[in-house]
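Chemist: These are the residues of each chain, in order.
Number of protein chains: 2
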Amino acid sequence: MLVNKTVCGFVEELASNSAAPGGGSTAALAGSLGAALSIMVCNFTEGKPKFSSVQDEITQIKQKGLALKNDLMDYVDGDTNAFDEVMKAYKLPKETDAEKSLRSEKIQEATKQATLLPLKVAESCVEVLKLSLKVLTIGNPNTACDAAVSGVTAYAGFQGAIFNVKINLSSIKDETFLQKVRDKILVLQDEADKSNQLILARAKEVIG
Amino acid sequence: MLVNKTVCGFVEELASNSAAPGGGSTAALAGSLGAALSIMVCNFTEGKPKFSSVQDEITQIKQKGLALKNDLMDYVDGDTNAFDEVMKAYKLPKETDAEKSLRSEKIQEATKQATLLPLKVAESCVEVLKLSLKVLTIGNPNTACDAAVSGVTAYAGFQGAIFNVKINLSSIKDETFLQKVRDKILVLQDEADKSNQLILARAKEVIG
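Residue numbers (the UniProt record's numbering), protein chains in the order written: chain A, 1 to 208; chain L, 1 to 208.
Hint data in this document are derived by calculation from the structure and do not stem from the laboratory.
Any given hint might turn out to be false.
You can't tell identical chains apart in this list, so a pair holds if it fits in one copy or across any two.
No more than 20 Å apart at the CA atoms, straight line, and that leaves these computed lysine to aspartate or glutamate pairs for EDC-like [to be verified]:
#, residue 1, residue 2
1, 166, 205
2, 184, 174
3, 94, 109
4, 64, 12
5, 184, 85
6, 5, 74
7, 194, 205
8, 173, 77
9, 173, 183
10, 204, 77
11, 204, 193
12, 64, 13
13, 204, 183
14, 166, 123
15, 88, 99
16, 184, 127
17, 112, 57
Generate coordinates for the entire structure from the input sequences, incorporating the hints supplied.
Modeler: Okay, here's the thing in structure tokens:
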């Protein structure tokens with residue numbers, strides 16, 4: 001598994017001349033890093049009398065953050081696996097008409113999965129962005145910088161995931177699927193951009 | 001060393017209730033991931049007859065990318081070490097006037113180092129952004145998505161590093177140092193924003 005490699009090993013593997021892991025797994029990792037930093041801020045706010053008025057909210061943020069971190073870590077390998085399935089489908093035999101038809105069907109199926117995976121990454125990153133904004137607002141100010149980095153990292157994860165969704169759409173023929181995904185992208189993009197702007201504005205206030 | 005932890009272990013350590021690693025090391029890692037993805041695009045362009053006209057440029061980009069990746073990987077641990085030095089300085093005895101004076105001097109020294117380190121991260125990320133833009137423009141279009149993710153990840157690394165520089169400036173008294181760093185931030189911010197805008201515009205053209 002990619003997430004069991006060392007950080008150094010993962011970066012080397014990314015830089016190598018193999019197609020996977022690539023930008024998709026990187027986007028999921030960026031999201032995980034963002035989630036982890038929001039959790040860190042919760043850990044520096046939890047149980048401190050100074051922040052007693054926000055303890056319930058912080059507990060909820062931490063729980064959501066932990067779930068998102070775990071999901072996004074799964075997607076690091078998930079994205080590479082989904083990509084590998086597309087590559088496998090392309091390698092299916094295409095001599096007879098029956099083979100051609102089956103191959104085409106399998107390519108479409110695998111590409112849909114390889115589209116839905118980064119779409120999940122994008123959705124999770126939007127949720128992380130909401131947490132980043134909250135912890136930047138109500139969390140321990142000593143960790144404001146970590147909250148802000150949580151935000152920009154999750155936004156990079158979001159953008160990267162959307163690139164991966166879009167690149168796959170060009171190979172998909174199912175118009176209903178395409179429209180559904182395009183509509184979803186618009187909603188997510190709007191949410192992500194708004195959160196990102198609020199995070200940057202808040203960071204400017206508290207960090208400079 | 002942080003970079004010798006597993007990806008999973010690094011993310012857990014980040015989320016934990018210890019002050020380091022935090023946003024600073026994460027910013028350096030985001031930069032490394034960006035550099036690695038630009039190198040990956042070079043590996044998919046190098047030696048391919050189809051891209052023969054850009055081979056020299058790709059070789060140069062790859063060499064720069066490798067150096068930047070290595071530097072940024074060093075900064076992952078470097079940032080946490082610099083932060084630890086600041087914490088150590090704060091723990092120095094402060095009973096006598098001599099102790100107070102020495103402690104204050106050591107805090108200033110360590111904080112300057114903890115400011116210069118993320119400034120180096122920011123500078124390296126600006127260089128990575130230039131490479132991302134180049135590989136997105138002249139690299140193998142099959143890896144356009146990886147080039148675009150390289151860009152957004154390096155930009156997150158840049159933003160995160162600048163947050164870390166700025167947060168430390170508030171504790172530094174040396175006006176000459178402060179002005180020098182503030183001037184540098186302005187130059188870097190301008191370069192990073194411009195590259196980021198060009199990358200996003202180019203990604204829109206080639207990815208959608």
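Chemist: Decide, hint by hint, whether the structure agrees.
Modeler: Hint-by-hint comparison with the structure:
no.: 1; hint: 166 to 205; verdict: between (34 Å within a copy, 12 Å between copies)
no.: 2; hint: 184 to 174; verdict: within (16 Å within a copy, 51 Å between copies)
no.: 3; hint: 94 to 109; verdict: within (17 Å within a copy, 67 Å between copies)
no.: 4; hint: 64 to 12; verdict: between (31 Å within a copy, 15 Å between copies)
no.: 5; hint: 184 to 85; verdict: neither (24 Å within a copy, 47 Å between copies)
no.: 6; hint: 5 to 74; verdict: both (14 Å within a copy, 18 Å between copies)
no.: 7; hint: 194 to 205; verdict: within (17 Å within a copy, 23 Å between copies)
no.: 8; hint: 173 to 77; verdict: neither (26 Å within a copy, 47 Å between copies)
no.: 9; hint: 173 to 183; verdict: within (16 Å within a copy, 52 Å between copies)
no.: 10; hint: 204 to 77; verdict: neither (35 Å within a copy, 26 Å between copies)
no.: 11; hint: 204 to 193; verdict: both (16 Å within a copy, 16 Å between copies)
no.: 12; hint: 64 to 13; verdict: between (30 Å within a copy, 18 Å between copies)
no.: 13; hint: 204 to 183; verdict: between (32 Å within a copy, 17 Å between copies)
no.: 14; hint: 166 to 123; verdict: within (14 Å within a copy, 31 Å between copies)
no.: 15; hint: 88 to 99; verdict: within (14 Å within a copy, 67 Å between copies)
no.: 16; hint: 184 to 127; verdict: within (14 Å within a copy, 34 Å between copies)
no.: 17; hint: 112 to 57; verdict: neither (37 Å within a copy, 36 Å between copies)
The structure fails hints 5, 8, 10 and 17 (numbered hints given earlier, in ascending order).
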